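Asks: So the sequence lines, in the order shown, correspond to chains W and C.
Taking our numbering as reference, the numbering of the first sequence is continuous, increasing by one, and the terminal residue is 328.
Taking our numbering as reference, the numbering of the second sequence is continuous, increasing by one, and the terminal residue is 321.
These are computed hints drawn from the structure, not numbers from a lab.
From a predicted model like this one, the values you see are computed outputs, not experimental measurements.
Among the hints, erroneous ones may be present.
Straight-line alpha carbon distances no greater than 25 Å define the calculated SDA-like cross-link-like pairs of lysine to any residue that follow [to be verified]:
hint: 1; chain 1: W; residue 1: Lys127; chain 2: W; residue 2: Pro106
hint: 2; chain 1: C; residue 1: Lys265; chain 2: W; residue 2: Gly141
hint: 3; chain 1: C; residue 1: Lys198; chain 2: W; residue 2: Val262
hint: 4; chain 1: C; residue 1: Lys86; chain 2: C; residue 2: Pro169
hint: 5; chain 1: C; residue 1: Lys256; chain 2: W; residue 2: Ser258
hint: 6; chain 1: C; residue 1: Lys191; chain 2: W; residue 2: Ser258
hint: 7; chain 1: C; residue 1: Lys191; chain 2: W; residue 2: Gly141
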Amino acid sequence: MDEPLLEVRDLFTQFQRVDDVVYAVNGMNFSVAPGEVLGIVGESGSGKSVSVLSFLGLLRDNVKLKSGTAKFRGTDLLRLGRRQLEDIRGRDIGVVFQDPMTSLNPVRRVGDQIMEGMITHHYASKKVALQRTIDLLGEVGIPEPQMRYRNYPFEFSGGMRQRVMIAMAIACEPQLLIADEPTTALDVTVQMQILALLQTLREKRNMSIIMITHDFGVATNFCDRIIVMYAGMVMESAPLAEFLNNSVHPYTIGLKSSIIEVGNKNKELVPIPGMAPVLTKPLNHCPYVSRCSVAQDRCEQELPELLHVGNEHYVACHRIEEVGIHAK
Amino acid sequence: MQNSAPLLSVEGLSKQFQVRGRILHAVQQVSFEVVAGQTLGLVGESGSGKSTLGRTALRLLEPDQGNILFDGIDLCKLKPKELRSKRKAMQMIFQDPLASLNPRMTVGMAIEDAMIIHGMRSSLERRKRVDALLERVGLPQSIAQAFPFELSGGQQQRVGIARALSVQPKLIVCDEPISALDVSIQVQIIKLLQDIQKEMNLAYIFISHNLGVVQYMSDMVLVLYLGEVVEKATAQQLFAQPSHPYTRVLLDSILKVPESAARRKRMSVPPGEMPSPFAPPTGCPFHPRCSMAVDRCRQEKPHLQNVSPNHEAACHFAVSS
Numbered sequence: 001m002d003e004p005l006l007e008v009r010d011l012f013t014q015f016q017r018v019d020d021v022v023y024a025v026n027g028m029n030f031s032v033a034p035g036e037v038l039g040i041v042g043e044s045g046s047g048k049s050v051s052v053l054s055f056l057g058l059l060r061d062n063v064k065l066k067s068g069t070a071k072f073r074g075t076d077l078l079r080l081g082r083r084q085l086e087d088i089r090g091r092d093i094g095v096v097f098q099d100p101m102t103s104l105n106p107v108r109r110v111g112d113q114i115m116e117g118m119i120t121h122h123y124a125s126k127k128v129a130l131q132r133t134i135d136l137l138g139e140v141g142i143p144e145p146q147m148r149y150r151n152y153p154f155e156f157s158g159g160m161r162q163r164v165m166i167a168m169a170i171a172c173e174p175q176l177l178i179a180d181e182p183t184t185a186l187d188v189t190v191q192m193q194i195l196a197l198l199q200t201l202r203e204k205r206n207m208s209i210i211m212i213t214h215d216f217g218v219a220t221n222f223c224d225r226i227i228v229m230y231a232g233m234v235m236e237s238a239p240l241a242e243f244l245n246n247s248v249h250p251y252t253i254g255l256k257s258s259i260i261e262v263g264n265k266n267k268e269l270v271p272i273p274g275m276a277p278v279l280t281k282p283l284n285h286c287p288y289v290s291r292c293s294v295a296q297d298r299c300e301q302e303l304p305e306l307l308h309v310g311n312e313h314y315v316a317c318h319r320i321e322e323v324g325i326h327a328k
Numbered sequence: 001m002q003n004s005a006p007l008l009s010v011e012g013l014s015k016q017f018q019v020r021g022r023i024l025h026a027v028q029q030v031s032f033e034v035v036a037g038q039t040l041g042l043v044g045e046s047g048s049g050k051s052t053l054g055r056t057a058l059r060l061l062e063p064d065q066g067n068i069l070f071d072g073i074d075l076c077k078l079k080p081k082e083l084r085s086k087r088k089a090m091q092m093i094f095q096d097p098l099a100s101l102n103p104r105m106t107v108g109m110a111i112e113d114a115m116i117i118h119g120m121r122s123s124l125e126r127r128k129r130v131d132a133l134l135e136r137v138g139l140p141q142s143i144a145q146a147f148p149f150e151l152s153g154g155q156q157q158r159v160g161i162a163r164a165l166s167v168q169p170k171l172i173v174c175d176e177p178i179s180a181l182d183v184s185i186q187v188q189i190i191k192l193l194q195d196i197q198k199e200m201n202l203a204y205i206f207i208s209h210n211l212g213v214v215q216y217m218s219d220m221v222l223v224l225y226l227g228e229v230v231e232k233a234t235a236q237q238l239f240a241q242p243s244h245p246y247t248r249v250l251l252d253s254i255l256k257v258p259e260s261a262a263r264r265k266r267m268s269v270p271p272g273e274m275p276s277p278f279a280p281p282t283g284c285p286f287h288p289r290c291s292m293a294v295d296r297c298r299q300e301k302p303h304l305q306n307v308s309p310n311h312e313a314a315c316h317f318a319v320s321s
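Using the sequences plus the hints, can you model the full thing?
Replies: Next comes the structure, spelled out in structure tokens:
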């Protein structure tokens with residue numbers, strides 16, 4: 001296998017709140033190969049965004065602990081100073097967030113905002129950056145880019161603003177694009193347009209993408225490999241085909257049977273009982289135990305490890321053997 | 001399917017807003033019926049007018065045109081006081097339950113409040129009813145003392161449902177009731193809504209941008225585009241044989257979990273975005289995005305016409321295609 005572009009090992013992130021500590025990420029391991037599209041799927045509070053924001057240095061300042069390694073082309077991002085990290089972020093790693101309106105400066109022209117990154121990172125001179133901005137806007141599908149680069153964010157629709165964000169994120173030709181719920185606020189037709197755009201860009205530039213999403217439909221249609229997170233842990237990770245055919249973690253199976261899709265009118269929906277745990281204590285047992293239908297005593301006593309079960313498929317479950325056989 | 005007399009019957013409903021001197025036609029000439037015990041689904045992209053329609057149908061917004069017949073009474077003719085007493089029978093559940101609950105009222109007070117407004121029962125009976133309602137929506141009675149912010153999103157939505165049920169409504173407008181919830185919680189709420197519908201013979205107007213959920217919940221469905229109904233059908237027919245090109249684009253944009261890696265959806269690009277409602281296109285509102293559009297579509301507005309029994313579409317090609 002290729003040397004990974006990004007390799008995250010034993011990542012822990014904790015936040016200090018007024019009277020307690022939130023254990024948001026609890027020992028996360030994953031890697032991204034060059035050109036690979038990785039989907040990180042989880043519900044709110046699962047740590048899917050926090051894990052990535054941790055090594056990008058984009059967390060707020062109430063972080064109590066951040067440990068582990070996140071090697072990007074051999075450099076550990078967690079050991080870099082603010083300045084060094086800023087050099088990489090925006091140049092080698094591009095980021096697109098859910099809500100472009102809050103990420104774009106409302107009182108600056110979009111063209112200036114796209115150019116800024118290229119100039120700060122010494123990627124291009126001002127003159128070249130301007131031409132490139134116009135080209136980029138065209139590339140991401142903004143009509144009449146030579147006019148529109150002078151517009152302000154509010155003059156664009158939600159879908160068009162997200163295209164501007166993407167232009168900004170890819171301006172310096174990053175090797176890795178991190179997309180945090182990039183289509184969640186968009187209508188389905190516009191979602192499809194944005195995903196098609198990302199797919200084209202990725203093929204053209206051989207860029208890796210980390211797609212963070214709560215939407216199984218988006219993840220399974222867009223990504224090469226899927227990671228399912230729960231309570232700040234990776235519960236299951238597998239290449240797409242393996243994930244679709246052989247996922248075994250009780251949480252993954254629970255989620256799959258909770259999906260309400262068109263054409264599934266007759267599917268029996270089985271809700272997962274209960275709700276996600278409050279992460280104010282260190283994890284010392286499986287966090288899914290209270291909602292799990294196959295939990296045993298051991299699940300309440302020990303934290304399950306993420307184990308390789310073959311075909312690049314990893315599962316963190318004490319009941320993997322029983323469940324695996326059961327699932328097949 | 002719709003033999004019994006409708007509980008709610010809306011005809012030619014229109015609602016406009018004035019925004020900085022310009023007129024926005026949020027809902028135009030919409031007609032539909034809702035039968036007790038059944039669900040009418042409203043789908044469409046943001047800005048299609050589905051929420052405005054839901055609100056105007058309850059006269060929470062004053063309609064500019066049209067008739068609303070609820071339980072045999074013309075709502076538009078009611079004086080404010082009479083309307084308020086009728087409100088009991090028409091309740092609403094919102095997308096963001098936290099925003100619709102008073103942050104300084106405990107859960108118990110919030111549920112009791114609706115009963116007080118509608119002059120129901122002694123305080124002892126009200127408390128009893130709060131307990132019974134909490135139990136019905138799957139919450140422990142101790143939650144009556146909690147404040148809304150202390151609850152999870154799913155619990156807050158259960159409180160919203162309990163409050164709507166407290167005055168024994170006949171119709172509930174559910175406006176994106178599960179859109180803000182996690183997948184594992186969505187199913188819990190959907191099941192709850194289905195169960196209470198059966199028990200109480202409730203009628204729902206179910207508003208959602210999620211077509212899968214609408215199919216799951218609805219008997220009839222209206223597809224809205226720029227404030228107009230472009231297709232109206234039983235859920236079964238709409239999803240099996242969509243007639244309007246816009247409905248087909250919507251259905252085609254859905255990303256379902258594929259059965260195998262080989263059957264992944266090719267990301268095709270549906271053309272364009274919804275035009276500004278201030279300057280709707282001439283002729284058919286969908287023509288700039290429609291692959292079938294011809295000159296006639298640019299000039300002449302198509303009206304809803306029968307495609308088959310219980311199935312109407314507003315497209316010049318609907319009948320022939």
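Asks: Output the numbers, in ascending order, of every earlier hint that fails for this structure.
Replies: Number 7 only.
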